[in-house]
Amino acid sequence: MLRFGSAIRALEDLPHIFNRTGGSLTPFPQARLDEELARAAATGARLVVLGDADYPALLKQIEAAPPILWTLGPLKVRHRAIGIVGARNALAAGQKIAQTLAHELGEAGFHVISGLARGVDTRAHETSLKSGTVAVLGGGVDDIYPPDNRGLYEKIRDHGLLVSESPVSHRATASDFPRRNRIISGLSLGTIVVEAELRSGSLITARLAAEQNREVFAVPGSPLDPRCRGTNDLL
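Once you know that position 195 of the sequence shown is 204 in the working numbering, the rest is easy, because the numbers rise by one and skip nothing.
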């Protein structure tokens, strides 16, 4: 933010920054700026703008990188980061694998990126709280979804990092999650999929990672279990 002097100046400069990348962006109305910044101040959220020194290096390499990110938490995203995603209703074995992978990645100096969903995401975040974890949200950085992950959300807010391109106080809708998934893969050198049905958000993340020229890994599972058919198909 030092480059822009203030959050207001940063938001006002966004159309010019975005135009230089080949895109277009309509200027923010002043009333919307004021409202957004007031909500951010109340939440403690921090604004990071594409082109800012603190903007994640890996994310800015992807096509249509988010022009702004709202962040909440003390962690700074490392270049060495791996995404872990998978089924919300994961088998006990799949959740154990997610825990093991997150632990070993943390021991090797990687941050773990995921989406705060139930199942695989939850286990990956819980295990990597000490080594560094980043939760990418579909709603604003103050939108706790699912609600039963409030405790985990608060731990990540206090020790890790919450990230979203959605406005503060925005409540996630179904259309927000595919956009969220491209940020999970974009922040990561590679993405590991632990259990996924043939039609799942985790496979969207895997596809986006491949399109971003990032590594895609999949954990094989029983061909008889629908929760493993997507990962087996990736292999």
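One thing to keep in mind: the hints can contain errors.
Listed below are the simulated DSS-like cross-link pairs for lysine-lysine, each with C-alpha atoms no more than 30 Å apart in a straight line [as the list claims (entries may be wrong)]:
id : residue 1 : residue 2
1  : 164       : 105
2  : 69        : 164
3  : 69        : 139
It should be emphasised that the hints constitute simulated quantities derived from the structure, not laboratory data.
Practice item. Provide an ascending list of the numbers of those earlier hints which the structure does not satisfy. Key: none
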